[in-house]
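Asker: Sequence:
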Amino acid sequence: MEWSPQLPVGGRHLAALLLLLSAGAGPLFAGVTAEAEQEGGRVELGISEYTDIGVKGPVDNPITALDEDRQRKSTADHSEFEELRGPFNNGPEVTRACLECHNRADDQFLKNKHWTWSYTHPVTGQKLGKSVLINNFCTNARGNEGMCAQCHAGYNRTGPDYDLTKQENIDCLVCHESTGTYYKLPPTRGNKACAVMFEGKPPIDWAKVAQSVRLPARANCGSCHFYGGGGDNVKHGDLSSVLFHPPREVDVHMSEEGENFACIICHVGEGHQWAGSRYNMIARDEKEHALPKPGMERETATCESCHGDRPHPAGIRGFKLNDHVDRVACESCHIPAVARGGVATKVFWDWRTAGRLKNGEGYREEGYIQGNGEARHTYKSIKGSFEYDENFPPVYRWFDGVMKYTTIDTVFDPSKPVEINHFGGSPQDPDSRIWPFKKMRTMQPYDKGNNTLVYMHLWGDDEDAFWGNYDFARAIARGMKDNGIPYSGEYGFVETWSWWPQNHMVAPREQALDCDQCHSKDGRLKELTGFYMPGRDSAPWLDWFGLLLVGGTLAGVGGHGLLRILLRGRGS
5 MEWSPQLPVG GRHLAALLLL LSAGAGPLFA GVTAEAEQEG GRVELGISEY
55 TDIGVKGPVD NPITALDEDR QRKSTADHSE FEELRGPFNN GPEVTRACLE
105 CHNRADDQFL KNKHWTWSYT HPVTGQKLGK SVLINNFCTN ARGNEGMCAQ
155 CHAGYNRTGP DYDLTKQENI DCLVCHESTG TYYKLPPTRG NKACAVMFEG
205 KPPIDWAKVA QSVRLPARAN CGSCHFYGGG GDNVKHGDLS SVLFHPPREV
255 DVHMSEEGEN FACIICHVGE GHQWAGSRYN MIARDEKEHA LPKPGMERET
305 ATCESCHGDR PHPAGIRGFK LNDHVDRVAC ESCHIPAVAR GGVATKVFWD
355 WRTAGRLKNG EGYREEGYIQ GNGEARHTYK SIKGSFEYDE NFPPVYRWFD
405 GVMKYTTIDT VFDPSKPVEI NHFGGSPQDP DSRIWPFKKM RTMQPYDKGN
455 NTLVYMHLWG DDEDAFWGNY DFARAIARGM KDNGIPYSGE YGFVETWSWW
505 PQNHMVAPRE QALDCDQCHS KDGRLKELTG FYMPGRDSAP WLDWFGLLLV
555 GGTLAGVGGH GLLRILLRGR GS
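If you're matching positions, the sequence shown starts at 5 in our numbering and goes up one per residue.
It is worth saying that the hints were derived from the structure and are not from the lab.
Only true hints are included.
Derived SDA-like pairs (lysine to any residue); straight-line CA-CA distance at most 25 Å: (1) 131 x 489; (2) 131 x 428; (3) 170 x 277.
If you're wondering where the values come from, they're calculated on a predicted model, not measured in any experiment.
Just need the whole structure built from these sequences, with the hints factored in.
Answerer: Below you can see the structure in the form of structure tokens.
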């Protein structure tokens with residue numbers, strides 16, 4: 005039987021990883037892998053990335069509006085639509101049915117970053133997005149769409165030449181279905197290392213999932229965003245599977261014990277365009293955005309857009325805390341640690357160790373037990389070695405909101421760390437504030453002759469794909485050639501950093517940082533310089549001047565008292 009990325013799974017083997025379960029209650033990638041116990045690790049006959057990821061527990065039912073009813077009012081019950089009763093054989097057929105009524109949705113969505121994977125930064129002019137950028141996790145989506153497009157909001161994206169005008173390939177269900185039974189197949193086949201790992205999945209009931217559509221829940225957004233970078237909370241540090249059903253102490257906004265927000269409460273939007281982007285952030289929300297006029301839709305995904313620029317209650321303490329708002333991001337105090345809730349995040353990735361084999365096969369090792377008791381892989385033949393951390397303090401930096409990126413044509417000095425993304429900001433800049441970040445470190449391949457990063461051909465049913473041949477030279481040469489990028493033919497490894505602003509996992513107010521956690525000699529802001537902070541800094545001349553003033557005052561008061569005593573005795 006020919007490979008078809010849209011055939012139901014049934015009881016057949018699939019020749020690649022299963023994609024995401026949008027709003028699914030089962031695994032995002034589920035695998036059955038032939039393993040043999042070996043000294044020092046387990047032989048992995050293929051990529052069995054995950055066995056239990058996706059929505060933890062039932063599909064969430066979050067609030068989608070801030071009015072009295074806490075839900076946006078729908079004018080239709082999709083389960084009653086004749087057009088959605090099928091039969092449907094695949095996703096594009098469902099999309100065509102959706103567009104019969106929602107006849108503007110396609111034109112809107114074709115402009116969305118989730119569809120184009122492309123974004124031109126309005127300040128820097130850089131062309132960004134998954135279609136071109138290199139990261140310091142799995143390195144590049146470009147050329148590896150056969151795996152990476154599992155989290156594309158469309159069907160059949162097999163390569164960089166994807167037809168972005170083909171409206172029937174829009175995936176409506178990934179964002180809107182609510183049964184928890186929907187999933188997608190990978191658009192292309194991997195080779196032996198990416199062999200068949202999932203079978204027995206029941207066929208998708210296309211009519212059922214089509215009739216279940218609603219506004220996006222955390223299950224829909226999280227089934228991709230919580231697993232970015234190759235696993236649960238790997239990339240961001242503040243986006244993990246715990247947010248499907250978080251305790252209040254992990255996220256006061258998304259917890260069912262708290263506000264039970266859907267993502268779209270903050271990531272407001274209209275016409276399939278949503279606020280909030282790590283490419284172009286708002287470091288300090290301006291008043292006209294933070295405090296919209298009555299009746300106007302909020303336009304920004306910032307704390308101020310709901311809480312205003314004076315969020316703390318009246319009183320001496322509240323007055324002083326409000327005095328911080330123009331210089332300190334709300335997240336700096338209200339997100340006390342990275343990777344809270346029991347799911348660790350990767351903090352170091354070493355590609356240099358990738359390609360080790362046991363008996364000619366790739367293998368994996370589990371060497372870290374995270375807070376929720378689950379094991380994480382610390383080595384994989386296809387990716388190298390990893391280090392994890394959780395519940396650790398963020399790195400604090402002045403941030404002006406403008407991210408700049410190291411792209412495929414950026415020439416750098418390999419003798420020092422290369423920042424995948426970097427930013428400006430200073431105490432003197434009125435648009436900058438102190439922000440919390442997760443810092444990711446990686447040793448990854450680069451072009452030694454040209455001092456640039458490289459595209460790697462990782463995924464594919466061919467002899468050049470690294471996830472099968474474990475040959476960096478061939479994988480890099482193929483990746484660069486396929487994309488028309490000059491390559492010297494010589495590769496090495498360079499240390500890279502990436503910076504991830506922390507916006508989610510907002511703790512309850514009682515868990516916010518205390519004053520002395522920053523205002524002290526060894527406080528959280530000890531690395532930030534260029535400004536004076538009480539409790540941390542001191543100026544010797546000012547200290548001596550102050551002591552002289554205090555000493556002079558005491559001497560004056562004491563002398564005055566002594567004179568009065570002496571004069572009183574003389575008068576009597």
